[in-house]
Amino acid sequence: MLENMNLLERKVFQHYWDDGLLDVFAAIGVFLIGVFWLRDFPVGAAIVPPLLVPLWAPARHRFIEPRLGLVEFAEARDRRNRRMLKLVFYLGVGSMILAVGLFFFRDALPINPTVTLIAGLPAVLLALMAIVTSALVNSARFLIYALILATVGVTGALLGWSPGLILVVAGVLMLALAVVLLARFIGYNPVDSGVEE
Amino acid sequence: MTLVTASDIPEIDDLLHEPARLRLLALLSVVKRTDFTFLLKLSGLSRGNLSVQMTKLGDAKMVKINKTFEGNRPRTIYQLTARGTNALRAYKKDMQTILAALPD
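Each protein sequence line maps, in turn, to chains A and B.
Per this note's numbering, the first sequence starts with residue 1, numbered consecutively.
Per this note's numbering, the second sequence starts with residue 1, numbered consecutively.
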């Protein structure tokens, strides 16, 4: 491995995540968390990652690899990814515990929750996760998702929406963008025939 | 002013000193391993050209080639060898030497 190839490696890594599948999974995750919350079962958010994670590899293998190809990155990149994933995981768990706790005990708080925008807190915390994910996959797209989450979180809270509704709306907006991105990728990248290899 | 004489110019490896092959080796140098399709997308080369260049690099033992089938689709995996890494490193050094010796 050459030492001064960091820029090229980053570009290759970024290209690897440009298909939109991760975006779709993230949007579905936000949407499902919102649905659980709407059904008065916010702790159900905890089962969203175990629901989605097992689907990731088969979905990538089925829809992306035949079009984009296969690549394995170097150990240094894997180590960095593991560190960032841990950060995303702990940030997510911590955020949801904090958000659920604040939501359930909002009446005991010495401040008015309608003024303090607590209903928008879960979305804002998920926006922080989106920012970390943006750094993880070297993509500015996730900053847009962070902006959507934060904007819908604050706006929804000001409008008096519940945390569940805020997450569902943010999830639908994210999903709309993600599906367009994925459809574009699939449209521009037909399944590779394997001829002339 | 620096004068470049024949003795100042290191011998450049012809196999690497070709834009398509150099691009492919550079791409392979930043990943552990990858397949034909990924290289095709990233390199911008035609299928035929990519296949020819990778065969040349494989014949020179700079790239390890592993052909498999996934269902009825062929999958060719490429991995830069230690020889390929060393050759690329030497090429970079040689080119830097030459470029540094060039007058502005």
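No lab work stands behind these hints, which were simulated from the structure alone.
The model shown is predicted, which means the values in this text are computed figures rather than measured ones.
Glycine included, every Cβ here is placed at the ideal spot set by N, Cα and C.
Hints are not guaranteed to be accurate.
Covered stretches of chain A (in silico footprint by chain B; criterion: 3 or more residues with CB under 8 angstroms from a CB of chain B, positions within the stretch not fixed) [what the hints assert, rightly or not]:
#1 7-15
#2 148-156
Pair by pair, the computed Cβ-Cβ distance ranges are [what the hints assert, rightly or not]:
#3 B:Thr85 x A:Thr151: 20 to 26 angstroms
#4 A:Glu72 x B:Val52: 44 to 50 angstroms
#5 B:Ala100 x A:Pro58: 49 to 55 angstroms
#6 A:Ile144 x B:Arg83: 30 to 36 angstroms
#7 B:Asn86 x A:Gly101: 53 to 59 angstroms
#8 A:Leu7 x B:Leu99: 14 to 20 angstroms
#9 B:Gly44 x A:Leu52: 29 to 35 angstroms
#10 A:Leu87 x B:Lys93: 17 to 23 angstroms
#11 A:Ile97 x B:Arg83: 48 to 54 angstroms
#12 A:Val43 x B:Asn86: 41 to 47 angstroms
#13 B:Thr55 x A:Leu87: 40 to 46 angstroms
#14 B:Thr97 x A:Thr151: 52 to 58 angstroms
#15 B:Thr97 x A:Leu55: 51 to 57 angstroms
#16 B:Ser46 x A:Val179: 27 to 33 angstroms
Using the beta carbons of B:Thr97 and A:Thr151, state whether their distance is inside 52 to 58 angstroms or not. 54 angstroms, holds
Within 27 to 33 angstroms or not, the Cβ separation of B:Ser46 and A:Val179? Given range 27 to 33 angstroms: holds, Cβ gap about 32 angstroms.
Satisfaction of the hinted span 30 to 36 angstroms by the C-beta atoms belonging to A:Ile144 and B:Arg83: Since A:Ile144 and B:Arg83 have Cβ atoms about 44 angstroms apart, the given range 30 to 36 angstroms is violated.
40 to 46 angstroms was suggested as the range; check whether the CB atoms of B:Thr55 and A:Leu87 agree with it. 43 angstroms, holds
Take a look at whether the Cβ-Cβ distance between B:Asn86 and A:Gly101 falls inside 53 to 59 angstroms. At 57 angstroms between Cβs, range holds.
Range agreement (Cβ of B:Asn86 with Cβ of A:Val43, hint 41 to 47 angstroms): 55 angstroms, violated
Supplied distance hint 51 to 57 angstroms, evaluated on CB atoms of B:Thr97 and A:Leu55: 52 angstroms, holds
Could you see if the CB distance from B:Gly44 to A:Leu52 stays within 29 to 35 angstroms? With a Cβ separation near 34 angstroms, B:Gly44 and A:Leu52 satisfy 29 to 35 angstroms, so the hint holds.
How does the segment 148-156 of chain A fare against chain B when you require at least three residues with a CB closer than 8 angstroms, holds or violated? violated (count 0)
Three or more residues of the segment 7-15 of chain A near chain B by CB distance under 8 angstroms? holds (count 4)
For the range 48 to 54 angstroms, tell me whether the beta carbons of A:Ile97 and B:Arg83 fit it or not. 53 angstroms, holds
Distance restraint hint 44 to 50 angstroms, applied to the beta-carbon atoms of A:Glu72 and B:Val52: 24 angstroms, violated
Checked against the numbered hints above, the structure breaks hints 2, 3, 4, 6, 10 and 12 and satisfies the rest.
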